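Assemble the whole structure, with the sequences as input and the hints as a guide.
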Amino acid sequence: MYNFAFIGGTNNSYVFETSNGIVYEIKFKHSPYLLNDNAEYSKLIYEFVIDVAINNSGKKPTLDVAVSETVASIFKDFFTKNSYNICIYICDSSDGRQEIRRRKFDDWFYKYQTDSFMKLDEVLVDSNQNRFPISMVILKDNPYFKEIVIAFADISSSNK
Amino acid sequence: MGTKEKRTTDEVVAYLLKSKKEMQDEIKKDIHTKEFQEALQKLRTKQQQKNV
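Chains L and V supply the protein sequences, listed in that same order.
Its first residue numbered 1, the first sequence is counted upward by one per residue in our numbering.
Its first residue numbered 1001, the second sequence is counted upward by one per residue in our numbering.
Hints are computed from structural coordinates only; laboratory data are not their basis.
Keep in mind that the hints are not guaranteed to be accurate.
To be verified - Quick list of in silico lysine-lysine cross-link-like pairs, DSBU-like style, CA-CA up to 35 Å: (1) V:1042 x L:146; (2) V:1018 x V:1028; (3) V:1046 x L:104; (4) L:146 x V:1034; (5) V:1042 x L:76; (6) V:1020 x L:43; (7) L:59 x L:140; (8) V:1042 x L:60; (9) V:1050 x L:76; (10) L:60 x V:1021; (11) L:146 x V:1029; (12) L:104 x V:1034; (13) V:1050 x L:146; (14) L:60 x V:1046; (15) L:43 x V:1034; (16) V:1029 x L:43; (17) V:1034 x L:60; (18) L:119 x V:1020; (19) V:1029 x L:104; (20) V:1018 x L:111; (21) L:29 x V:1021; (22) V:1018 x L:140; (23) L:43 x V:1050; (24) V:1046 x L:119.
Said to hold, decoys possible - With the C-beta cut set under 10 Å, the calculated list includes, among others, these residues of chain L facing chain V: (25) 7; (26) 9; (27) 13; (28) 49; (29) 68.
Please read all numbers here as calculations on a predicted model, not as lab measurements.
Cβ coordinates follow ideal geometry from the N, Cα and C atoms, glycine included.
Right, here's the structure in full:
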């Protein structure tokens, strides 16, 4: 696993650098809008994003197990700050690589998570029939667990 | 973007993709900030100490 640093800021930024000199940044953006912005739990909802911040290698990042471990640790750290946090991740499908992104996200989650977390997967289908895999990570003992799961399932059927 | 009306999947997808793009753009800009540079420097120093 790589060392990581919490930068903070509006969108709760984390940063880490791989042994190949690739620097990743992760953000957790507060998004009360996503499920039901009138619900009590709306203040706990965050969107998760990871991206390469610096890559001077001139090559695409290759599979690196330590990256998965580090992302998992950052998740744990973020949930340590507030165990009731809820993270939502959407896989961009603009380049047709949404399933690869989902598999990567699954890898971070299933290999290194503790049993106290739960991940829920859905596919959002827009009116043009484009499919967007979306995942939500929540701790099982979240006091709003049932309401959040219902609200999450609801967003995938809201074009009907 | 708050609203009391039930939002459609199209609206949720549009919001999420826009938000993701904004955060990715923010990451590109972050690398020039003092906070980012300091954090990266600390990580590199820590790594160098580990390698000694």
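Structure-inconsistent hints, enumerated in ascending order
Those not satisfied are hints 1, 4, 7, 11, 13, 23 and 29.
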